[in-house]
Amino acid sequence: MLENYLIVHKSILPDYYDKVLETRHLLESGKVKEVSQAVKLTGISRSTYYKYKDFIMEPAELEGGRKAVLSMLLTHEPGTLSALLNRVSSAGYSVLTITQSPPIHGLASVTLSLDTSAATASVSALLSSISGTAGIENVKLIAIE
Numbered sequence: 001m002l003e004n005y006l007i008v009h010k011s012i013l014p015d016y017y018d019k020v021l022e023t024r025h026l027l028e029s030g031k032v033k034e035v036s037q038a039v040k041l042t043g044i045s046r047s048t049y050y051k052y053k054d055f056i057m058e059p060a061e062l063e064g065g066r067k068a069v070l071s072m073l074l075t076h077e078p079g080t081l082s083a084l085l086n087r088v089s090s091a092g093y094s095v096l097t098i099t100q101s102p103p104i105h106g107l108a109s110v111t112l113s114l115d116t117s118a119a120t121a122s123v124s125a126l127l128s129s130i131s132g133t134a135g136i137e138n139v140k141l142i143a144i145e
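The sequence shown: position 39 = 39 (our numbering), numbered continuously.
Errors might be hidden in some of the hints.
What the hints assert, rightly or not - In silico DSSO-like links for lysine-lysine, alpha-carbon gap of 27 Å or less:
no.: 1; residue 1: LYS31; residue 2: LYS19
no.: 2; residue 1: LYS67; residue 2: LYS53
no.: 3; residue 1: LYS19; residue 2: LYS40
Said to hold, decoys possible - Here are the simulated distance ranges between beta carbons:
no.: 4; residue 1: GLU77; residue 2: ILE7; range: 13 to 23 Å
no.: 5; residue 1: HIS9; residue 2: GLY135; range: 35 to 45 Å
no.: 6; residue 1: VAL8; residue 2: ALA83; range: 16 to 26 Å
Read the hints as simulated data drawn from the structure, not as lab findings. It should be emphasised that the depicted structure is a prediction, and the values quoted were computed from it without experimental measurement. Don't be surprised by glycine CBs; every beta carbon is placed ideally from N, CA and C.
Modelling step: build the complete structure from the supplied sequences, incorporating the hints.
Right, here's the structure in full:
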């Protein structure tokens, strides 16, 4: 799934991409509590922020990272979470945190933060493996460092 990503020098991109990152940093750091306040400070619209916020990431190091955050939906069936964790473990990733919502309409939202330092498979291969697992839907890479 990483084949859908490009590394592009930001000098050739429109300035609002950088402002989306700046807006995210303001919100994540707690300097600003609300999106409307953050976008006002950075000079972009709320719609621009929401349109691009999940698609613009900053690499911490070009050589590769040590953490990745994934988001997905799991069906509320016995063994689904276990199957997910087996895929992650067999690819050499270590789970740092798991956040799971209660199932609503038979689906639970799950966010995993992973340590990638000992991984034996690429993040792209992991995402493909997870996507092909029964009971797991809508797998997304949220961030990689």
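Cross-check of the supplied hints:
no. : hint                       : result
1   : LYS31 to LYS19             : holds, 15 Å
2   : LYS67 to LYS53             : holds, 19 Å
3   : LYS19 to LYS40             : holds, 11 Å
4   : GLU77 to ILE7: 13 to 23 Å  : violated, 38 Å
5   : HIS9 to GLY135: 35 to 45 Å : holds, 40 Å
6   : VAL8 to ALA83: 16 to 26 Å  : violated, 36 Å
Going through the hint list in order, the structure does not satisfy hints 4 and 6.
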